[in-house]
Amino acid sequence: SAVISQKPSRDICQRGTSLTIQCQVDSQVTMMFWYRQQPGQSLTLIATANQGSEATYESGFVIDKFPISRPNLTFSTLTVSNMSPEDSSIYLCSVVGGGLTEQFFGPGTRLTVL
Amino acid sequence: RKEVEQDPGPFNVPEGATVAFNCTYSNSASQSFFWYRQDCRKEPKLLMSVYSSGNEDGRFTAQLNRASQYISLLIRDSKLSDSATYLCVVNNAGGYNKLIFGAGTRLAVHP
Chain A
2 SAVISQKPSR DICQRGTSLT IQCQVDSQVT MMFWYRQQPG QSLTLIATAN QGSEATYESG
62 FVIDKFPISR PNLTFSTLTV SNMSPEDSSI YLCSVVGGGL TEQFFGPGTR LTVL
Chain B
1087 RKEVEQDPGP FNVPEGATVA FNCTYSNSAS QSFFWYRQDC RKEPKLLMSV YSSGNEDGRF
1147 TAQLNRASQY ISLLIRDSKL SDSATYLCVV NNAGGYNKLI FGAGTRLAVH P
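The listed protein sequences derive, respectively, from chains A and B.
Just so you know, the numbering used here puts the end of the first sequence at 115, numbered straight through with nothing missing.
Just so you know, the numbering used here puts the end of the second sequence at 1197, numbered straight through with nothing missing.
These are calculated hints, taken from the structure and not from any lab test.
Values in this document were obtained by computation on a predicted structure and should not be read as measured data.
Where a beta carbon is used, it is the ideal one built from N, C-alpha and C, also for glycine.
Among the hints, a few may not be true.
Label-pair ranges, simulated between beta-carbon atoms [as the list claims (entries may be wrong)]:
id, chain 1, residue 1, chain 2, residue 2, range
1, B, SER1112, A, SER54, 28 to 34 Å
2, B, ASP1093, A, GLN39, 17 to 23 Å
3, A, VAL4, B, TYR1156, 32 to 38 Å
4, A, THR80, B, ALA1153, 42 to 48 Å
5, A, PHE62, B, ARG1152, 45 to 51 Å
Computed far set for chain B versus chain A, every beta-carbon distance over 10 Å [claimed, not checked]:
id, residue
6, SER1167
7, ALA1194
8, VAL1195
Given only the sequences and the hints, what does the whole structure look like? Please build it.
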């Protein structure tokens, strides 16, 4: 299995500001992903974080709004930019690869935008 | 049409009951199928993969019908600890990446 930590675990932010979420894994993994889970809904994939290159975004998500970094095989960040109340959600990172046989999820970051 | 559709429930069942969840997916090229479990305010965790021949893990049985694009999960002898949201998940790319989640089915098991 993989141990994944996310920081912060929760935050309350003002509209128009930005928040950067960190995801740290205890082992090197091939693939890292960022998901969003809006209140009462299921998970939606935002993007695949690629090590050494630009992230691959899913339909409806753009780099200007959700810039992602992945400097190495154990760490990634997701920034939620110019936030609005509609961005209130739980943001989860997940990993697969490096010998893992399933996709593991981090504990999530609960974001509230006022 | 959603890519993965589930009955949202909630299913309220007594301990010891047998309960079944159904799921349909829209992409006939989907390659991998899973059931995840998500407890309240927790991250999703893999419950079991779903294989074409059907598979069982203790009290849990998963079935796949590719012709009907239908997946099921059967829980026998329900426990209080089974109370959670069960997420039907498919992967169109193969393997464990780029998962597509259903909205989940809530199960509440009561004494």
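These are the hints, each one checked on the structure:
1. Look at SER1112 of chain B against SER54 of chain A: about 31 Å separates their beta carbons, and that is inside 28 to 34 Å.
2. Separation of ASP1093 of chain B from GLN39 of chain A is about 20 Å and conforms to the stated range, judged on CB atoms against 17 to 23 Å.
3. For the pair VAL4 of chain A and TYR1156 of chain B, the supplied restraint of 32 to 38 Å holds, since their beta-carbon distance comes to about 35 Å.
4. The given range of 42 to 48 Å is respected by THR80 of chain A and ALA1153 of chain B, whose C-beta atoms sit roughly 44 Å from each other.
5. One distance hint, 45 to 51 Å for the beta-carbon pair PHE62 of chain A and ARG1152 of chain B, is violated here, with the actual separation near 30 Å.
6. Against the 10 Å criterion, SER1167 of chain B stays outside the reach of chain A, whose nearest CB is about 20 Å from its own CB.
7. For ALA1194 of chain B, the condition that its CB be more than 10 Å from all CB atoms of chain A holds, with the nearest at approximately 16 Å.
8. No Cβ of chain A approaches the Cβ of VAL1195 of chain B within 10 Å, the least distance being about 21 Å, so the stated non-interface status holds.
Hint compliance for this structure: hint 5 is the single one not met.
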